[in-house]
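Now for the letters of each chain:
Number of protein chains: 2
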Amino acid sequence: MKNKRIIVIGGSTAGPKVAAKSKRMNPNSEILLFTKGDVVSYSACGLPYYLSGVIDDIKKLIIRTPEEFEKDGIQVFLNHTCTKILPNSKEVIVNDKKYSYDDLVLATGGVPVVPRIKNIKLENVFYLRVLSDGVDIKRVMEKAKSVLIIGFGYIALEAAEAFLKNNIKVTVVENHPHIFSFLDREIGDFIKDHVLLTQSNNLNIITNDLVTEFLGDKKFMGAKTRNGHKIEADFCLICAGVRPNVSLAKGCGIDIGVTGAIKVDKKMRTNLPNIWAVGDCAEKHCLVTTLPTHAALGSIANKEGRCCAINLNGGNEQFEGVLGSAVTKFFDYTVGVTGITEHRAREVASKVNIEPISTIVTKHDKARYMPDSNPIKIKLTADRRSGRILGAQGVGLGDVDKRINVITSALQKQMTVRELLNLDLTYAPPTSGAIDPILTACYELQKLIDA
Amino acid sequence: MKNKRIIVIGGSTAGPKVAAKSKRMNPNSEILLFTKGDVVSYSACGLPYYLSGVIDDIKKLIIRTPEEFEKDGIQVFLNHTCTKILPNSKEVIVNDKKYSYDDLVLATGGVPVVPRIKNIKLENVFYLRVLSDGVDIKRVMEKAKSVLIIGFGYIALEAAEAFLKNNIKVTVVENHPHIFSFLDREIGDFIKDHVLLTQSNNLNIITNDLVTEFLGDKKFMGAKTRNGHKIEADFCLICAGVRPNVSLAKGCGIDIGVTGAIKVDKKMRTNLPNIWAVGDCAEKHCLVTTLPTHAALGSIANKEGRCCAINLNGGNEQFEGVLGSAVTKFFDYTVGVTGITEHRAREVASKVNIEPISTIVTKHDKARYMPDSNPIKIKLTADRRSGRILGAQGVGLGDVDKRINVITSALQKQMTVRELLNLDLTYAPPTSGAIDPILTACYELQKLIDA
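The listed protein sequences correspond, in order, to chains A and B. At position 229 of the first sequence (counting the first as 1) the number is 237 in our numbering, and the numbers step up by one without a gap. At position 282 of the second sequence (counting the first as 1) the number is 290 in our numbering, and the numbers step up by one without a gap.
Just to be clear, a hint being listed does not mean it is correct.
Note that identical chains are pooled: a pair holds if it fits in a single copy or bridges any two copies.
[Said to hold, decoys possible] In silico lysine-lysine, DSBU-like type, Cα no more than 35 Å apart, as pairs:
#, residue 1, residue 2
1, 44, 374
2, 359, 31
3, 153, 12
4, 153, 374
5, 385, 337
In case anyone wonders, no lab produced these hints; they're calculated from the structure.
Could you build the full structure based on these sequences and the hints that come with them?
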């Protein structure tokens, strides 16, 4: 293959993955990686564990240093912002300088959703996206006694644990009727009940409400909500979600999908020749509904980066889509999901021709007689007509994500509940009961399907 | 449905399952359950945890008492041995008395393999199959300082942990070249290395050797081996495997399969009308090779019992087969398997037309930067020609069985390695790395397949 120049914009996960794998596949290619940040190749997902103190040094979140990339022949440009793409001349403008490319890979990631709040521009108001956010929050935590968290999803829950472990009182304001609003309400309520039960003195959750105004002059002092709550806190963490960072792409005629992310085909190509997009800025397809979806996760970014690099270098790889799998822990409590929720299934039912049906079972994660066994709850959703599984959600003190992951391969192969009834899962008293909770859920759901 | 009399022979897992589910499905049926033991419906798998002291009361291993069965209208006959089946008259002889049946279910379980050892009939020589074995061993453990274990598979490993926790020195003699002989040699060696590393002062493993003679007059005092070892020990546990208990079935013309277990079809029917077989005494089919196989596990017994009960009561259920899934723990170390090993794949390669190819990867079970992450080893085997996965084995201090169970549904749907490359597994730093170890194994194996 002739030597070509690949330019990668973005330095978190997908970008570095494309760069590293491309170089391994074709050592003669010239690879330039531009990032507006001052580090590359890091795990943003690890930030809550840096805040909690579980990880003592933020450098541990750096997977590969610029020096390591340079050693492999990849040119890394820190603090370099790409402001324009010139697709016709195959050039980009970075820090006011033009660079030509043979292939351009956009890995511009996501940006935090900024809620509409009066007086939002104050000191000690944070997001948790990049390593410097972690450093800034950690510094404030040293003297803080209380925090307001806006929104309550995965990152918020992980951050809440970090704050509680450091004796910082937490108030959460969530505008949905329940926390973990992307999961079904019962699941969100189980989490809330558990969290409040174990942390009642130090954690207050306000749902169905909206922060409308921040208090404070220069520094954040607290907030007012629509329903009249007044919350005092030493700092604020905004976890209102992430949207794809597509401003650069938009400016040059790259198609944006219905989710607001860059439209890509299964090879990770955009509509413009030789321009690719990967990671949080690229649109995904849900393998369950076949509809476009949003999923911002390092695990997916890695897979897309791998796929893109193979195709960039003469291969023929396809990234078919995602299942919406996710997991998190709150102390010993685990929350996991794969596929779509019942709520989502009802939303798209007529569009994709399904009739959702669900069951929730509660069962011990290990043999009941083992002293360290714990009850977990599994919600399983299927299409009543075809019997096909649509999704699984799980919460509990025990081993939840093992059960959720069994369903990932089942979803990818469009397995029915019936096909899972006799699944030969591993069994031993310290790891599961003779009838695994996920099978109990299948039995119950099959009964409903047959009824 | 007309009232019928179902006679069940066997009281451990599969028999009680058939009885209980049949009664639920058809409350008018008359159900008689005969067992030669003095308990029914118990978890033999829990015995090692009773020995260790993790379970303080052996009664906790009883899932349902005879009284509970009686309350549901199921007649339970303890200490009743069935000695003959009269298929023509549809009768059985139990404790010298005739009982007629409409349907007969054989759940006669397994019996321990008794190795050829001189002077084997001594006091303090045990097997670990039924609850009374547990009680007897526990009593001897109180004064014992050392034990000889013959054979080293799952139960032996679990029992060894129990003995070590109670300050009893363990010597193991295994006649295969490696322990865990039903797994590939590397895996057996990993386990051995780990076990010896952590327990070197109290555990001695002798492989490639055979106990030929027991020492002692009335009580077990020790043993001699073929290779000249002389082992002193206070008691002996024989874990040389289990074979199906089919003497009753053989006596009346029921077909026995190549594995020595009772031949059954997918509905759990034997060759004789109205006679069924379930659990450890019934032959299984391996879903990977389609060949008959042996698997004695409570999880499978439960599924077969469910299938049989449904068919007994007018339903139409099939039990397709097993994957050979198994798991165990040794302190914090986990060993898991599903599908077939590379060794087994080579054995049957020409018969089932496969060309086995394998990879072993070592990777952390959680994000590498998490202080409690641990390296695990995954061995993945596939058929080079079709790319179809044949099996997975895993060992390590971390979360091994989660990865193994992902492969169970993949095996059941005959997924290829390529289909798994982009599997959307759950990801969060406390539960896995951004690239899960099982996916790393898939990447490596796909490279070998493509090479």
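If the cut is 35 Å between Cα atoms, do residue 385 and residue 337 qualify within a copy, between copies, both or neither? Cα proximity of residue 385 and residue 337: in one copy and across copies (15 Å, 24 Å).
Pop the pair residue 153 and residue 12 into one bin, within, between, both or neither, using alpha-carbon distances up to 35 Å. neither (54 Å within a copy, 71 Å between copies)
Pop the pair residue 359 and residue 31 into one bin, within, between, both or neither, using alpha-carbon distances up to 35 Å. Neither: 43 Å inside a copy, 43 Å across copies.
Could you figure out if residue 44 and residue 374 sit no more than 35 Å apart (CA to CA) within one copy, between two copies, both or neither? Classified as between: cross-chain Cα gap 29 Å, same-chain 48 Å, threshold 35 Å.
Can you tell me if residue 153 and residue 374 fall within 35 Å by alpha carbon in one copy, between copies, both or neither? For residue 153 and residue 374, the Cα distance is within 35 Å only across copies (31 Å; inside one copy 39 Å).
When the structure is compared with the earlier hints, violations turn up for hints 2 and 3 and for no others.
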